[in-house]
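J.: Listed below, chain by chain, are the residues.
Protein chains: 2
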Amino acid sequence: MTDDQRSIANNQSLYLKSEKALFMDAVLATLTANQSAALETLKELLRIPSVSAISAHKPDVRRAAEFVRNQLSSAGLTTELVETAGHPIVYAEWLQAADAPTVLIYGHYDVQPPDPLDKWVTPAFEPTVRDGYIWARGATDDKGQMLTHVLSVAAWLKTTGRLPINVKFVIEGEEEVGSDNLDTFLDTRREQLRSDVAVISDTSQYAPGIPAVTYGLRGILACEVRVHGPKQDLHSGIFGGSITNPANALARLIGSLHDANGRVQIPGFYDDVQPLTDSERAGFAALPFNEKDFFASVGVEAGWGEAGFTSTERRWARPTCDVNGLTAGYQGEGPKTIIPSWASAKITCRLVPNQDAHKLSKSLGSFLNANCPPGCRVEFLEHHGCPGFVADANSPFMAAAKAAIERAFGTAPVLIREGGSIPVVATLKQMLGIDTLLLGWGQNTDNLHSPNEHFSIADFHKGTLASACLWQEIANRAQ
Amino acid sequence: MTDDQRSIANNQSLYLKSEKALFMDAVLATLTANQSAALETLKELLRIPSVSAISAHKPDVRRAAEFVRNQLSSAGLTTELVETAGHPIVYAEWLQAADAPTVLIYGHYDVQPPDPLDKWVTPAFEPTVRDGYIWARGATDDKGQMLTHVLSVAAWLKTTGRLPINVKFVIEGEEEVGSDNLDTFLDTRREQLRSDVAVISDTSQYAPGIPAVTYGLRGILACEVRVHGPKQDLHSGIFGGSITNPANALARLIGSLHDANGRVQIPGFYDDVQPLTDSERAGFAALPFNEKDFFASVGVEAGWGEAGFTSTERRWARPTCDVNGLTAGYQGEGPKTIIPSWASAKITCRLVPNQDAHKLSKSLGSFLNANCPPGCRVEFLEHHGCPGFVADANSPFMAAAKAAIERAFGTAPVLIREGGSIPVVATLKQMLGIDTLLLGWGQNTDNLHSPNEHFSIADFHKGTLASACLWQEIANRAQ
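One line per chain: the protein sequences are A and B, in this order.
Quick note: the first sequence uses the numbering used here, first residue 1, plus one each step.
Quick note: the second sequence uses the numbering used here, first residue 1001, plus one each step.
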């Protein structure tokens, strides 16, 4: 390259940057000018009772899918309503940004059942604006949050005729019922879905006024153990003391899953655990957090967990072994003098990278079998599992997300992890090899899955602006 | 006393002994001659569906009471149908044996529900003779066994016009529903019921062909523990690891109730335990017992219990701490990712003399409270308790029972204890200060409380003969 060539390239780059900035400003202006219309679009979607769990709502679920598809078609994307064994998946793409990265946007248009109906201040499917919030089932989970990306893409195309990146939308209708048909869709379309990063807005900000990027999730191992004893319930007087009691045996087995320091005793449980880095621990510690208030919010006076870790570390980044249910013998009123024939426990372990659910399931099964007393027999069943997830917090995509959120929200987001599991994130990593940016615009207190679900209208708009900025920020960093 | 006087007294004693023996032979002859009639009487009683638990059967329950009362009136006893808040108690007495001991005979005329009806080979309330057994609900528990004493007393009075002892019958109609009104009856009539010994035939022989006297029973402490955690079920992803899980906590508490040697760890649990004597242990060890068959009969391959004791010792004469039921969180199909708000366990401890149920209840409650982890709270509830019982195996009453059974069954009874509890035995000890002779004519395999209940007709008759002998044997030993 000659000096002249260099100078031209430099000028061109300056010119392009400036053009980008102008485009960006114009897109944001479009969005700002059309906030009322955006809210009306959200309301229209919220009026459709797309409850995926209830078969009577099947036509409504399809109507919601078609609504989302129409929004994307009108915006200028190529769309497809993909039939599945259950509810359809909306697929849409715009791939005309040659040499620019491709972003896969995942969301869902189905919602939780609205019950109990009598607890709603205004009806679940009659979206109402009150106190700066929009109140309706699905307002935040996930119609409102998902729509921010549809709106931002539409604004880009409307304002500039193009997008700074390529986008592929996958909006499913079975997230609230286990996403039974999503894996097949992703698996059979690996080539078509090839992308550089995924974006999901189905989490929350850290707290009001504190936007966040969630860079880690826990995985899960869900299983069940049943301890079998005598062939039928026995008289505890005639047999008690001489026959192994399966309920006592189960309790003893579960009691042995933790030591006095809250450490899980399943052999090898911590072998593959990716430890928290010093900077992560410092980051968590720097977040505003009142432990007393946290405990009080769930009605307890204290917590208990793995020694050597804070409450935040314990719930975001350390593995657990929790009993979700116990069943044995007599559960009615008063006493019944039996040795139960069997006793069972539902158990979920929350996992962190790089624990392997299936490997730990085998280890747990062996541990329970090995410690089962004579006269009883352990039956162990693995329900399902998915690995934990940690994104590279220093990737250009992460930097793009931080910059986009800071511009839209006026404050830099905090980096957080969450203790729950979003299986699609692990699936996207596994099948497409991509990380996911988890960008939540809602709050933990938005009553997701409860009556009076709501979503801050200001955050709905800020989320849309952040989404619009994100496409440009990703494009900037790819050069 | 002169030599003459001594000689006369001696002859008189011989004469009297000889008269007693003649009387006894005559009574036994009467019973033997009237076995068909006795069986018909039993059948008549068994046809009355006196199911105390089912209110629709209330008139039938009263009919059974009146039937028993009529049998006792016809025999020559003074009778009373004592009204209670529930079903009536039949009281009857014959008190004309001056200076002779008084025996209180307890039994019950009510029966368990017959369900499931479709499992009966012949209908529950249509007594049928088949293979040497009489098949009907209540055949052995307790109509058949109780009736042996009514028949023996009737035969004595019919044959000789008198009884060698005084008798007081207390036949209740609420044994199968908790004997709610029995204690009040016993308490308000302490004076009237004053006796020297009680007799109950509501247990079993040791095995076919091996009659038994049961000289010990275990007591019971029935209680419930509920561990309270968060005010509602929590998401195990969002909170898991930082909030104490009540189901894990309960399991750990229950697991800590025993050490690795099967010893109960409640402080002071064994302090008051009356140890087995060497002769008791030798007696138990001498009983025919195939441990492998015992385990196989309930479908297990092995047992587990307090180290240093045999299976028989563990179930008859050592205290236990058994879980009867567990309840927590999710119990449906598949997994549910929650930390349950609470978890509960039903617990019964079988007690042996001289453990005190209420004292141990306090100790157990304190133990659970003291070991409950932070973030949870223990709620402890005592349902009820009754002490264990051991009769003096060398008393004249016990010797009388052994002699009576040996004569009637042709083989000496073995001395056994049973692991269950019969609260009235403790009540009789406590309120009237008397021991109870537990003389079972049935078998453990008679399907008590199950379909196809039955009772050996031969043992019904032998039991009646043994009862007749018992009155004379008791009288003999009182002189």
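These are calculated hints, taken from the structure and not from any lab test.
Quick caveat, the model's predicted, so the values are computed rather than measured.
We treat Cβ as the ideally placed atom computed from N, Cα and C, and that holds for glycine.
Just to be clear, a hint being listed does not mean it is correct.
[Unchecked claim] Once the Cα atoms are required to be at most 25 angstroms apart in a straight line, the calculated BS3-like pairs of lysine-lysine come out as:
1. B:K1043 <-> B:K1462
2. B:K1058 <-> B:K1043
3. B:K1231 <-> B:K1158
4. B:K1336 <-> B:K1231
5. B:K1043 <-> A:K336
6. A:K402 <-> A:K231
7. A:K292 <-> B:K1362
8. B:K1231 <-> A:K119
9. A:K402 <-> A:K20
10. B:K1158 <-> B:K1462
11. B:K1462 <-> A:K359
12. B:K1020 <-> B:K1158
13. B:K1292 <-> A:K231
14. A:K336 <-> B:K1359
15. A:K429 <-> A:K362
16. B:K1336 <-> A:K362
17. B:K1462 <-> B:K1020
18. B:K1336 <-> A:K119
19. B:K1119 <-> A:K336
20. B:K1043 <-> B:K1158
21. B:K1158 <-> A:K231
22. A:K359 <-> A:K402
[Unchecked claim] Which bits of chain A does chain B cover? Going by a derived footprint, with three or more residues having C-beta under 8 angstroms, they are:
23. 37-44
24. 317-329
25. 340-353
26. 368-382
27. 413-426
J.: Each hint should be assessed against the structure and marked as holding or not.
T.: Hint check results:
| no. | hint | result |
| --- | --- | --- |
| 1 | B:K1043 <-> B:K1462 | holds, 17 angstroms |
| 2 | B:K1058 <-> B:K1043 | holds, 20 angstroms |
| 3 | B:K1231 <-> B:K1158 | violated, 71 angstroms |
| 4 | B:K1336 <-> B:K1231 | holds, 18 angstroms |
| 5 | B:K1043 <-> A:K336 | violated, 32 angstroms |
| 6 | A:K402 <-> A:K231 | violated, 61 angstroms |
| 7 | A:K292 <-> B:K1362 | violated, 32 angstroms |
| 8 | B:K1231 <-> A:K119 | holds, 19 angstroms |
| 9 | A:K402 <-> A:K20 | holds, 18 angstroms |
| 10 | B:K1158 <-> B:K1462 | holds, 19 angstroms |
| 11 | B:K1462 <-> A:K359 | violated, 65 angstroms |
| 12 | B:K1020 <-> B:K1158 | holds, 15 angstroms |
| 13 | B:K1292 <-> A:K231 | holds, 15 angstroms |
| 14 | A:K336 <-> B:K1359 | holds, 21 angstroms |
| 15 | A:K429 <-> A:K362 | holds, 24 angstroms |
| 16 | B:K1336 <-> A:K362 | holds, 20 angstroms |
| 17 | B:K1462 <-> B:K1020 | holds, 20 angstroms |
| 18 | B:K1336 <-> A:K119 | holds, 24 angstroms |
| 19 | B:K1119 <-> A:K336 | holds, 23 angstroms |
| 20 | B:K1043 <-> B:K1158 | holds, 21 angstroms |
| 21 | B:K1158 <-> A:K231 | violated, 50 angstroms |
| 22 | A:K359 <-> A:K402 | violated, 36 angstroms |
| 23 | 37-44 | violated (count 0) |
| 24 | 317-329 | holds (count 12) |
| 25 | 340-353 | holds (count 6) |
| 26 | 368-382 | holds (count 4) |
| 27 | 413-426 | holds (count 4) |
Hints 3, 5, 6, 7, 11, 21, 22 and 23 from the list above are not met by this structure, while the remaining hints are.
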